[in-house]
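A.B. asks: The lines below spell out each chain.
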Amino acid sequence: MNQTMPNSFRHFPDDRGHFGQFGGRYVAETLMPLILDLEREYKAAKADPAFHAEFDDLLEHYVGRPSPLYFAPRLTEELGGAQVWFKRDELNHTGAHKINNCIGQILLAIRMGKKRIIAETGAGQHGVATATVCARFGLPCTIFMGATDVARQAPNVFRMKLLGATVVPVTAGAGTLKDAMNEALRDWVANVHDTFYIIGTAAGPHPYPELVRDFQSVIGREAREQIQKRTGRLPDLLVAAIGGGSNAIGLFHPFLDDTSVKMLGVEAAGYGLDKEHAASLAGGRPGILHGNKTYLLQDEDGQITEGHSISAGLDYPGIGPEHAFLRDIGRVDYTSVTDEEAMDGFQLLCRTEGIIPALEPAHAIAAVKKVAPTMGKDQIIVANLCGRGDKDIFTVADRLGVEL
Amino acid sequence: MTRLASAFSKGRPALVTFITGGDPTPDATPAILDALVAGGADVIELGLPFTDPMADGPAIQAANIRALEAGTKTADIFRIAAEFRARHPETPLVLMGYANPMITRGAEWFAGECVKAGVDGIICVDIPNEEDAEIGPALREAGIAFIRLATPTTDKARLPAVLENSSGFLYYVSVAGITGKQQAAVDTIAQAVAHLKAGTDLPIAVGFGVRTPEQAAAFAAHADGVVVGSALVDLVAQHGANAAEPVRALTQALAEAVHKAREPA
Ligand SMILES: Cc1ncc(COP(=O)(O)O)c(C=O)c1O
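Chains E and L, in that order, are what the protein sequence lines are. Take 1 as the starting number for the first sequence in UniProt numbering and just add one per residue. Take 1 as the starting number for the second sequence in UniProt numbering and just add one per residue.
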């Protein structure tokens, strides 16, 4: 770590939405007044106890929080090193961490008097969570989803429709998360007056990376309290998978000033870092896309290149700007695991703990598998189990050569 | 007087035309640019292709993809621009596109290439004034105009931020939306232009959704210029490498309509 280290890591972004050189508000002028409105409204909501009370109440009684912090005995024994604990956000209503953020954003949308909700989705988890809160609050909802993802996440497409959402398949580009986000932005520019865009990860123009992080930080706040209560101390290492980085920043942020706690973000190395992958920190460089400056997979002309991951939720050529910042200042370490390693991690958790994880946290499990054996038995790892695997059984069966 | 200032000082509304560079191929672009000049365009916007044109509708999205699939590089766009400047010393040329290809080798590099190629200004969709530091200082240092966009959401409170650091002309995006879709009502144009004129002496060009000479004339009656993009890009989509002649014909019809849309001020 170098000497430009700030006193606290928890006071970012600055008032212009910058995390060091990253973040910002790189949007079309049409959206600027709305982005500034949202920033004002979010500031007011943050200072309003009634907003927090409603958020907390919904998280407790609708989402099912706090989620358990679970010690994984057989996995720990099999890996033969650090004690492995999981933050069980896969037990949330709708099966992933995405709902935490959606509850916060729908409350903001209602505060702002917006009448219509749009969202992008990759794996479909954010789409399902958005459709869910829209049904709960009676707002119409349109979900943009890449056509490739529509095909590989069919159960989630059906869930969204059951919940009353309109699902728009996006055929541009590779038909994945990036293309869905482009299309959501196009819809938003054309419907600024009445539409609220619920972004699904800690990325996009300021204030989204901040507010998504704040809503997801419930993960880390609970985990911090739970592990201290159970073990009397802080963990040595936090591990989380990274698509845009919302579950990871949600777990990490409340611990950022605990200097003894190391953190590891896990990107998707797809077929391998020398082939097609979705690891923007490992294989990208800073650039501007989707409203923020961050690490992006791109060619020498700044054209965005298509990522690949077995996990639709990680298949994105960028990363939230706060991660770009935390990596550059050295506070958080980042690594990547391949599709194959994630498949191993997936099966490992099924076999040892009786938990079927989503393919996204399977990446975190694969990283835990590598790092736990290198740590002492008295050390503690907390990994974010940010989603359950029901949505992925077809993809996994296909990989394993099983016909369903 | 700069080339851009001259283009808006002819005592009549100006026709501003847009095509995507490298569409359908880098080799086809010069003839299409020449056709725009021959047809009577006063200002030319050359699109710098990008993989993720978030503010564009289907027509210009497809043009970006055609250009990139034909292998168009940033270097091709600057070569096309430099050759254009050699053939057409008078016609202002503006590069229009998205931030990432413009800043990827550094804003100074980009501004320097603009100078070398004889580019007069740039329009960048996703750098609002709040992020001016990303490219604005480099452009001003190099003497390249930074043309900003005003929109129907630019209210009185917002206008000063849009005008700060803007130069060349002001591009009024007449509908809140993406390119090539709906068209604004003419009376909203007159109002919007009056609102903008109260804040700036820059010429105001109005665009988005203008397709026909009649529509262009109606807008031109209230503005210093009219921008036509998707309708020309559609001709390129339809005629490919043979698009120059149809592009010239439409440009001429548009130019005639725009140029006589109102009495000299
Ligand atoms: C279960 C799960 N985990 C992780 C992600 C990746 O997103 P993020 O990095 O924002 O947590 C997704 C995205 O769809 C997801 O569904």
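These are computed hints drawn from the structure, not numbers from a lab. Some hints could be false.
What the hints assert, rightly or not - Cut-off 16 Å, straight-line C-alpha distance, at most; resulting in silico cross-link-like pairs (EDC-like, lysine to aspartate or glutamate):
#, chain 1, residue 1, chain 2, residue 2
1, E, Lys262, E, Asp236
2, L, Lys181, E, Asp187
3, E, Lys115, E, Asp194
4, L, Lys156, E, Asp14
5, L, Lys73, E, Asp14
6, E, Lys370, E, Glu403
7, E, Lys46, E, Asp194
8, L, Lys73, E, Glu300
9, E, Lys370, E, Asp48
10, E, Lys43, E, Asp14
11, L, Lys73, E, Asp299
A.B. asks: For the pair supplied as a hint, E:Lys43 and E:Asp14, confirm whether the alpha-carbon distance does not exceed 16 Å.
C.D. replies: holds, 13 Å
A.B. asks: Does the alpha-carbon distance linking E:Lys262 and E:Asp236 stay inside the 16 Å limit?
C.D. replies: holds, 6 Å
A.B. asks: E:Lys370 and E:Asp48 were given as a pair; does the straight-line alpha-carbon distance stay at or below 16 Å?
C.D. replies: Judged against 16 Å, a Cα distance of about 44 Å means the pair is violated.
A.B. asks: Could you grab the alpha-carbon distance between L:Lys73 and E:Asp14 and see if it respects the 16 Å cut-off?
C.D. replies: It is violated: about 36 Å lies between the C-alpha atoms, which goes past 16 Å.
A.B. asks: Is it true that the CA of L:Lys73 sits at most 16 Å from the CA of E:Glu300?
C.D. replies: Judged against 16 Å, a Cα distance of about 9 Å means the pair holds.
A.B. asks: Taking only the CA atoms, is the gap from E:Lys370 to E:Glu403 under or equal to 16 Å?
C.D. replies: Violated, because 30 Å separates the two Cα atoms, which is more than 16 Å.
A.B. asks: Between the alpha carbons of E:Lys46 and E:Asp194, is the straight-line distance 16 Å or under?
C.D. replies: At roughly 22 Å apart (the allowed maximum being 16 Å), E:Asp194 and E:Lys46 break the hint.
A.B. asks: Going straight from one Cα to the other, do L:Lys73 and E:Asp299 come out at no more than 16 Å?
C.D. replies: Cα-Cα ~10 Å, so holds.
A.B. asks: Sort out whether E:Asp14 lies within 16 Å of L:Lys156, counting only the CA atoms.
C.D. replies: violated, 26 Å
A.B. asks: Please work out if E:Lys115 and E:Asp194 have their alpha carbons no farther apart than 16 Å.
C.D. replies: Holds: E:Lys115 and E:Asp194 sit about 5 Å apart, inside 16 Å.
A.B. asks: Checking one constraint from the list: CA of L:Lys181 to CA of E:Asp187, max 16 Å. Satisfied?
C.D. replies: The given pair, whose Cα atoms are some 12 Å apart, holds under the 16 Å limit.
Checked against the numbered hints above, the structure violates hints 4, 5, 6, 7, 9; every other hint is satisfied.
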